[in-house]
Amino acid sequence: RDLVPVLERTLGVPLFQEQLMEMAVAIGDCSRDDADLLRRAMGSKRGVERIESIKETLFAGMARRGLVGEDAKQIYVQILSFANFGFAESHALSFALLVYASSWFKLHYPAAFLAGLLRSQPMGFYSPQSLTQDARRHGVEVLRPDIVRSQAQAALEPLGADRGPTGLVSCVGPHHEPTSYDETAPDPTPIHRRDGGYAVRLGLDEVRGIGTEVARRIVAARDEQPFRDMVDLSRRAGLDAGQLEALATAGVFDSWGLSRREALWNAGFTERDDQLEGAGAVAAAPTLPALDPVEVTLADLWATRITPGSHPIGHLRPVLDQVGIISVNGVFSAEHGRRIHVAGLVTHRQRPGTAGGVTFLNLEDESGMLNVICTQGVWNRYRKVARTSAGMVIRGIVERSDGVTNLLADKISSLESISPEADQALQARHGSRDFQ
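First residue of the sequence shown? That's 89 in the numbering used here, and the numbers climb one at a time after it.
Some hints could be false.
Label pairs and their in silico Cβ distance ranges [what the hints assert, rightly or not]:
#	residue 1	residue 2	range
1	Gln410	Arg97	54 to 64 angstroms
2	Ala176	Arg152	22 to 32 angstroms
3	Val92	Ser505	57 to 67 angstroms
4	Gly397	Phe420	22 to 32 angstroms
5	Gly397	Ala184	29 to 39 angstroms
6	Ala184	Met211	15 to 25 angstroms
7	Pro377	Thr463	29 to 39 angstroms
8	Gly297	Asp490	39 to 49 angstroms
9	Glu487	Leu185	26 to 36 angstroms
10	Ser343	Gly425	44 to 54 angstroms
11	Val156	Arg207	56 to 66 angstroms
12	Ala189	Lys499	21 to 31 angstroms
13	Arg120	Arg475	43 to 53 angstroms
Derived from the structure by calculation, the hints contain no laboratory data. Cβ atoms here follow ideal geometry from the backbone N, Cα and C, with glycine treated the same way.
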């Protein structure tokens with residue numbers, strides 16, 4: 089009864105640090121000073137240890153209130169476990185507002201949302217590649233950096249008048265009734281989009297070795313006068329051969345009618361002390377074959393870490409289909425308890441201190457992302473592959489609970505078992521974000 093006013097509004101579950109303080113006073117007979125000590129303990133790296141220091145005070149207070157034995161232990165366990173994840177209510181509300189606002193922007197203005205995230209890097213849990221692929225799966229067109237069209241950083245680019253309305257008028261309606269979540273249902277987000285007339289044009293700062301300062305220098309020089317050729321670009325923007333080669337690899341000179349190989353050829357003639365101003369390209373490139381789709385994707389990965397045209401795993405899909413390896417999207421429709429094989433790139437590895445030795449992998453392919461659970465035994469058995477491979481083939485059991493799908497891994501293999509060439513190329517160009 090003493091806890092009703094404390095926990096009633098959160099349905100009996102303590103969510104906020106302030107509630108734990110009130111619980112300590114209400115049933116632990118603690119003073120306000122003891123309760124404040126509890127609050128500071130919850131916000132400390134040594135929270136569990138500090139809470140243990142007032143254990144006797146809490147149990148003595150609960151005994152005076154008639155709470156002894158298992159009841160007292162259960163309450164104490166709740167308090168102790170809360171030290172690992174508890175938030176002050178003001179912080180929780182701030183996070184809730186950020187989540188709501190981010191979700192609103194992602195639903196209604198996904199292109200602008202992606203551009204904003206790319207302009208704010210480095211930040212957050214997901215890499216620019218994962219953010220871009222997620223946006224593409226939600227209907228956003230992403231365009232490569234371009235020497236004529238790109239700004240210094242990612243920006244919106246109109247797609248033309250025939251791409252439909254934008255803004256509020258492009259929404260189906262101002263109000264939609266809540267619906268039950270169904271992960272197998274078609275993606276409904278396009279009907280809510282308000283910036284459908286725009287694509288995201290990657291900024292020049294995304295190119296390896298360029299960065300924001302150099303990208304702004306390029307754009308400023310271009311705004312003064314369009315570049316005549318690569319020599320003019322190099323001289324006026326102060327670029328070295330390595331930067332020009334990176335720009336060429338990224339395909340930024342496509343709008344000049346130069347293929348990537350032709351642009352790379354020309355990049356070699358730009359950094360010469362005896363080059364006369366206005367001389368232009370000093371040698372025409374020989375006839376060079378265009379890059380095939382796989383080479384384009386790998387070039388994008390090397391030059392910008394982002395593949396706006398296709399996901400690397402998409403190129404392997406015919407081979408994966410032949411050997412019975414399903415897509416990530418296929419996992420979400422597979423029945424609970426089924427053993428399946430799935431392949432993808434590892435976007436991050438995570439082993440929280442509270443997970444009892446369990447490691448979580450996030451696997452991504454052209455259709456989506458999947459959370460993979462690796463028990464300590466599985467991780468130890470396949471440690472080398474699990475820790476170092478950029479791409480993996482994972483066998484496991486589909487687990488589904490409360491609308492969430494995970495894969496419980498029982499075998500981990502490198503992509504080398506499917507395509508040695510692709511595995512070697514991805515190892516050199518793709519990296520994961522790993523966390524404790």
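Hints, verified against the model:
no.	hint	in the structure
1	Gln410 with Arg97: 54 to 64 angstroms	holds (56 angstroms)
2	Ala176 with Arg152: 22 to 32 angstroms	holds (28 angstroms)
3	Val92 with Ser505: 57 to 67 angstroms	holds (59 angstroms)
4	Gly397 with Phe420: 22 to 32 angstroms	holds (24 angstroms)
5	Gly397 with Ala184: 29 to 39 angstroms	holds (37 angstroms)
6	Ala184 with Met211: 15 to 25 angstroms	holds (19 angstroms)
7	Pro377 with Thr463: 29 to 39 angstroms	violated (48 angstroms)
8	Gly297 with Asp490: 39 to 49 angstroms	holds (46 angstroms)
9	Glu487 with Leu185: 26 to 36 angstroms	holds (32 angstroms)
10	Ser343 with Gly425: 44 to 54 angstroms	holds (52 angstroms)
11	Val156 with Arg207: 56 to 66 angstroms	holds (58 angstroms)
12	Ala189 with Lys499: 21 to 31 angstroms	violated (41 angstroms)
13	Arg120 with Arg475: 43 to 53 angstroms	holds (49 angstroms)
In this structure, the earlier hints numbered 7, 12 are contradicted, and the remaining ones agree with it.
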